[in-house]
Every structure is written in structure tokens, then in C-alpha cells.
Amino acid sequence: MKYVQYLIDAIALGSLYALVALGIGLVFGVMRIVNLAHGELLMAGGYTLYETNGWPAVLRVLTALAVVIAVALLMERLALRPLRRASPTTTLVMTFAVSFLLRSIAQKRWSAQGKTMNLFTDLNQAFTIGELRIKYLTIAAVVVGGVLLGAVTLFLDRTDLGLQMRATASDERIAQALGVRANHVVVGAFVIAGVLATAALVLFAPQRPVVTPDFGLQIAILALVGVVVGGMDKPSSATLGGFFIGFANSMLFSLLPKGQRVFLDSALYGLVIVVLLVRPSGLFQRETVTSRL
Amino acid sequence: MSVQATRPILEIDCLSVRYGSVPAVRELSLTVAAGEVVAIVGPNGAGKTTVLSAVMRMVAWSAGDVRLDGESLRKRSSDEVARRGIALVPEGRQIFADLTVHENLRLGMVARRSRTGAAEALDAVFEQFPIVKTFLDRPAGLLSGGQQQQLAIARAIVAEPDVLLLDEPSLGLAPTVIDTVFAALAAIRESGRTIVLVEQRAQRAIAFADRTYVLADGVVRDRLVAADATDAERLRAAYFGADTRAVAGAGTPTGGTPKVGTPADDPVRR
Amino acid sequence: MSAPETTALVGRRPARLVLGRHLVPLAGPVALTIVVGVASSAFSDSVQLQLHTALVTTAMVVGLSVFSGNSGIVSFGHVSFVGVGAFAAGIMSMPAQQKATVFPELFGFIRDNDLGNVASLALGALVGGIFALVVGTALVRLSGLGAGIATFAVLGITRNVLRNWSGVGPGAKAIPSIPQTTGLTQATVALLVCIGVAYAYQASRWGRRLRASREDPAAARGSGIGVYKERLIAFALSGAVAGFAGAVYVHLLGSVSVDQVYLELTFLTLAMLVVGGIDSLWGAVVGGLFVSLLNSLLFEGEKGLSVVGIDVTLPASSSNIAIAVVMMIVILVRPRGITGGRELRLRALRRPRRAEG
Ligand SMILES: Nc1ncnc2c1ncn2[C@@H]1O[C@H](COP(=O)(O)OP(=O)(O)OP(=O)(O)O)[C@@H](O)[C@H]1O
Ligand SMILES: [Mg+2]
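Chains as they are written, first to last, in the numbering used here: chain A, 1 to 293; chain B, 1 to 270; chain C, 1 to 357.
Heads up, a few of these hints could be off.
To be verified - Looking from chain B toward chain A, a few residues come up when the C-beta cut is under 10 Å (computed):
1) Ala97
2) Val110
3) Arg112
4) Ala159
Worth flagging that the hints you see were computed from the coordinates, not collected in a lab. Ideal Cβ positions, reconstructed from N, Cα and C, are used throughout, including at glycine.
Bound conformation, chain A alone (with noise of 0.2 Å):
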């Protein structure tokens, strides 16, 4: 039955990990670009429900939801737009300079103290069966995950600019001389890649309710080495990656003892070269395809 329960809490943070991992690799899908500021969109979503604790709770998740979609898209118009004929190299510089910058800035305005987001707490709690407990939090992660990968789904296959950004992801310039405009297509990943950071943002609050400037790092770092070791190329790859990376965490941490857990960064970190190594070509195909023109 303990096995049971583990299962059930690493398919949770699996779910949160896939909404993270699938922002990233959309926004990959479409610019070619690893963004390694997509942890702060969720920092600044943690410090706009820590700002307006006290409202109505639809509300800040609203305000919250409005806040990282601004974040999102003042970076790619100011620090990204720009570097569209760029190397990956330099934007991959540019977009840890954009967090580091955003980091320092939340540093400079709340301190690295933590700051409370107290927001949904009541789902922390649990009912159990038999001898499974399960927090109600775990059923909202398992559901609004499988609600909102479905609905990304549903709109890149059947909407016209979801066909654009699967047009774009796989051959940037032919979608282009076809008249697709990369910027709506950009803006349209960076908007989605903000709703699915902000919900994830929003059932993480309630069991890592203290969000510092490194809050949004720590997760995306994860979300990225799940994103890496999927396969960046499709957004489907790199929902999976995700999962399995928050699946693999949680029940690493629930098996492991306490001694050997310590290094499961390492092992994760290691998982990442091995993968970049072995399947180079196969994870940045297209990069180098992109790069030359």
C-alpha cells in the first residue's frame, strides 16, 4: 500500500512538472530558444499572490495569471525579439541574463527572505482510503494537469494558430514565406507557456507556500532537465519529459534512504549529459538545421 501512495503523489508532481516542461518546449518549438527565465514567470506569479493576499482568491489567481503573462511577453518583445537571426548560443546568454535580472529584482524588492503566497492551503488536506491518504491538492494537480494538457492539445491541432506553431516548429522559414507571422506565433506560445506556468504556479502554492527569488528556479531547473531528456523538438516529447522527471523525483525521494537521496540532483544532472551525449542530434536536430541559415 506504501507503494500505492508513493505512486499516486509522484503521478501529482509529474503533472505539475508536464504544465512547466510543456511551456518550455513550446516556446522552444517556435523560437528554437531554451528559456532559462521561464522559472521566474512563476516566481513573479508567487509574489503577485503574496502581494495580494487577502483578496478573493479567484481574483489573485486571476491577477497572478495577468502578471506572468505580462513577464512573458515584456521578455520576448524586449530581450528576445530582437535576437530572432541570433545563435542559440547567445540567446541562451541573453535569456540567463533575463533571469538573473528578475531574480535580482525580486531580491531587491522582497529580500531572499521567503514570503508567504497562502494561497488554496485548505487543499492540503486529505481523506483517506483505507490506508491511502490522499490530499485533495494531489486530485487538483492529476486534473487540471490532464485538463489543461488536453486543452493545449486540442488548440495546437485544431486551431489556426495551434496548426501555425506546429508549422513554425518544424520549419521556421517555409511556415514564414507562407505568410505565418512569427511573432503572433511567438507571442501565442509565450501566452500559453504563461497560463501553464501560472496554474502550475498555483498548485504549488499550497505545498511549497513560501516563494523566495529562486522559487521559479529550482522548478524550471527540474522542468528543463525533463524537457532535455524528452526531447525538445515536440511538444508532446517534452510534456512527457516533464512528467517523468517530477514522476522519477518523487518517488526517487519517497524509495531512496535518507543518505543517498542527497545526490539525486546529481543523478538527475547526470541523466541530462548522458542523454545530450548519446542522442545529441536526435534531441537538437533541428537546431542545427536553423542555424546555418
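Place chains B and C with the ligands on chain A using the hints.
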């Protein structure tokens, strides 16, 4: 249909393009009148694809200008060029293999200028290329080469462009499929669209076009009209320059006449 | 493409020019270093400390540039090598009797021995170099985005291990009681040594080959250059320089903890390299000193002149904001950095860089 050059729709004016330090197109000028069919032929590496890519703003210009209907495309990005009425059937077809045939066509419609008539345009394409309709929901990557080429042309014309650029549409196709392609091009010409046709299959292109430019080393070597299609010597000279011994099979894999197809296609060969 | 070729021609040029070719690019970084070093003695203690920090941080940037500048591949993981160098030198400089009580879990040979100043610096270089050699053996096959992410992962692993492995270091605690031997002389000399090593490498056969392979990988492979091998040499050497700089750094700080050699330092050194210009040694030195200067000015502006101590090495957040903004602006408007990615040259000696185009 002999269109006497009336209104120039596409003007390429002293255009130069370089890849790094390598010049691919050098001060090239050519004009296409509305409703005209202009062919560009020339050996491998002549710069034909580069000219079309430059018109589409897919490669940067190092000098010169391109005008559509008198308006410079200098400040336009490729999506804007497409939405202003130039459509490209790229070299190697470049359909989206992971997307269905229908999705490919929907992407073609992104550049449509009028909100109405999309359904009619689609029907017209189905009529012209029944194969496209048959496989509408199939991933485009599963189509044969000839079917993919038809899809690529269909994708370009559902946008109802004023100017259609085609980059080697007959490359790698069986003769009967080539006939289909040229029949489709003839129908497109009848509908009044302007066509710029890049071909290595020179004779057929020259015969089909109102006028032909022979390109080599990024410059225009010669201009031909349809009647010149059988003038083998002139073509050869234009392709390889005066100093070249036009020996079939020597040096280039393309031989005396570049990428010659079946003898039936290429009267010069006989 | 012309840079390595012109360098290759050097051997056939008259001696005076050869000297000029080597002296001029070297003179700039050296002179700047000495000026900063000497100037520092005129200031108050806290300013001196900042200038010494500037020199040492610049040494780290020079280490990073040995790899990134010559290979064209950005590494996000070089602070790993700074970190292991710093920790090796730090733990071995801490007096043995103290170690036995403060860190009893250390391996015996680490716990029971200690090293003198110079030996600990050499140890830092050695450990940094060996670590980079090991890591590099796997990583040199990556470039671009893949290399960026993989080096980032190396940084994560290094931090995770250093933080949790109490057999080799202090774990989550700081190493205390490290002799503060890095002052004006050592900081200046250390940076000069790093500049000398970096320049010697860059001018060597290996360095020229690596640069050639960066500018045209296909041609380089055609001419028989093993790109991976050349990258590995650069990676290991730059790890050694970074480790050495890390060792010098702990002797400046007097104590060190894992968080001091993690993301913030990574950002700072990368910002310095990018701002100065990633392609040249001159860029690394100018960037390092320029950003340090900026950092200090902002810091002074914010806190007044009175602050001494460890805070200096952890810049206040507003100076981080400014550095991030400066870095972003440089990437946007001057992507090759403020030096334009060139070595310093005298006009008379300058020859057309882009002979072929
Ligand atoms: N992306 C590129 N990078 C560098 N050089 C290129 C690139 N594309 C084309 N070239 C060079 O530019 C020149 C013209 O190429 P282009 O593709 O326009 O020729 P083409 O006439 O279309 O040839 P083909 O008949 O083989 O398709 C050639 O010398 C080619 O090697
Ligand atoms: Mg071509």
C-alpha cells in the same frame, strides 16, 4: 498566349546576394510583366534558388532591390511578401511531412488576401489535383514524390497569389507526372497568374515560358524566347560560357545539357 | 578565417614584427592589470579589497575565456572548476588541528595534512585542471545549445556533490580559517600569470588550431585537425586556470561556502566575458575589470564607503540588476562585446582581418 510586356509586376533590380563571402547572385536585373510566364534556367549552383529565396526575403540581400507592383520589398519580411501576393513552391517541395495534406493546404491559405472564396479556391485545387483530395487526411510525408509536388503547388495556389514562383517542380519526377505538373501550370497561366519557373529541364521550360533567362554564376548569360528551345548550341554556350567545350558528361554530372530528362523531354539531346 | 592564417604566417616575419605582434596584444591586459593593482594601494581598505576582488574575478574570466574565447562555445559550468580549486585550496590551507575538530568526517589524508600558500594555489590549478579534463572528455563533443545545457548540468552536479559530500569538504558549512594571503601582490601576480598562460595557449599551435576549427569546422576537419582533441586541451587548461583563480580567491576571502561558487558567480563571470567580448583575451580582461568597477561603484553608492568583509564578494542586488541590464544591452547592441572581440593592436601593426571577405 503571348502577353506583350505591359505592366511590370515583379522587378528585380541590380540584386546581389552573398552567403558569407561567397557571392551567389551578382547585380541581377530582370522584369516580369503581369500575366507573363518567365523561366530561369541554368546549371547547378547558378543562383536560381537564391534568386527566388531573395524575392521571398528568405535570404538577405547585399545590394539592389526587388519591387512588387512598383513597391519595394526591401522592408518586408517573408511572411509579408507572401501576404502581398507572391507564393513559392520551394525546391525539394518542402511540404510539412508531419502534418496532414489538409493542414498543409490550410497553411497555404494563411497568405490569402481576401477573406472570402477560400472554399472555392480549395475546390479548384481539388479539381486540378484530385490526388490531393483523395489523401486529404493523410500525413503529407506518406505521399509519393509526385504527389508531394502536386501538394506543394496546391498549397501555393490556394493563397491565390499574383505571382507564383516555382523552384524545379519537375525535379525527380516521372515523365507522366511531369506532364501533370506542366498541365497544371498551363491551367494556372490561363487563370492569369504570373509565373516564374526555375527549371533545370531547360527545353521544356523554355518552350513553356514566354521568355527565359539563362543564369550562370549569378549573372544573366542570355535571354531566350520560346522559339529558341530547339537552339541547342546557343543554350550550351549560355550554360557553360564561350570557353567551354560542350562535351556531354565531362566534368559535371549534368553533362552537355544540364539534368537532361528523357529524350522525349529534351529535343536538344537528339 | 584569416586570423589563424595570419598568425600562422608569423614565423616568416621579421623579428621586430614578431615581437610587436606578441607584445602589443599582451601589453594591454598586462598594463591594465598592473595599473589596477598599483592604483589599489592608494585607496582605503575596503576599496582595496574590491580592487583585489576585481583582479581575482578577472582571473576567473580569463580562465573561462581560454575555452570559450578560442572554441566559440559558451560554458555555463566554469565556476565548477573555480569551485573545486577554491575548495581544494581552502580545505588544505585550513590548519590540520582545526580540521580534526571542525570537520571530523573528512578523509584522513585531507584532514591530517595542510599545505602552504603557494602549494595550495598549485593544488587548486591541478584539481581544476583534472576535473575539467575528466568532464571535458565527455562534453567536448557538444556545441551550441547542447554544450550550454550540459555545462550548466556540470555546475549543478558540482554544487550538489560539494554541498553533500562531507568526506571531501565542509558540506553545507563554510571552510573557516583560511590564511588571507591574497593581497595586492598575489592578486596582481595571479592575474598576470593567468593572462600569460592564456596568451601563450592562444598563440600556440593548439590554440591556433582550435580557433581555425571554430571559424570553419568542416575545413578544419578536412585539414586533419581533431576538433574534439583541441577542445579538450583548451577545456582542461581553462579548468586549471579557473581552479587556480579559485584558489587565489579563497585566500582573499578567508572562508568559502558552496553558495559563493554557484549561480551568482557564474552569472558575474559570464557577464564580464560577454560585456568585454567573448572572442579575445583583451575582452576578458577589459570585461572583468570594467564590470568589477561598475559593481564597486554601485556598491559604494548604495552602502557608503564603510563596508568591509564578505559582503563585497556577494554584490548587493541593485548592482546585480545593473550588471544584468548592462549585459543585456551589450548583447543587443554590441554582440561581440565592448572590445569588439579583438585583441589590442597598434594601428601600424594592424593588418586587414577579413582578407577574404
Ligand atoms: N545556405 C548556403 N550557404 C552557403 N552557400 C550557399 C547556400 N545556398 C547556396 N549556396 C551557394 O550559392 C550558390 C548558388 O546556389 P543556388 O542554390 O542558388 O543555386 P541553384 O541555381 O539553385 O542550383 P541548383 O540547380 O543545384 O538548385 C552556389 O554556389 C551554392 O553553393
Ligand atoms: Mg536550386
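Hints, verified against the model:
no. : hint   : verdict
1   : Ala97  : 8 Å, holds
2   : Val110 : 4 Å, holds
3   : Arg112 : 8 Å, holds
4   : Ala159 : 7 Å, holds
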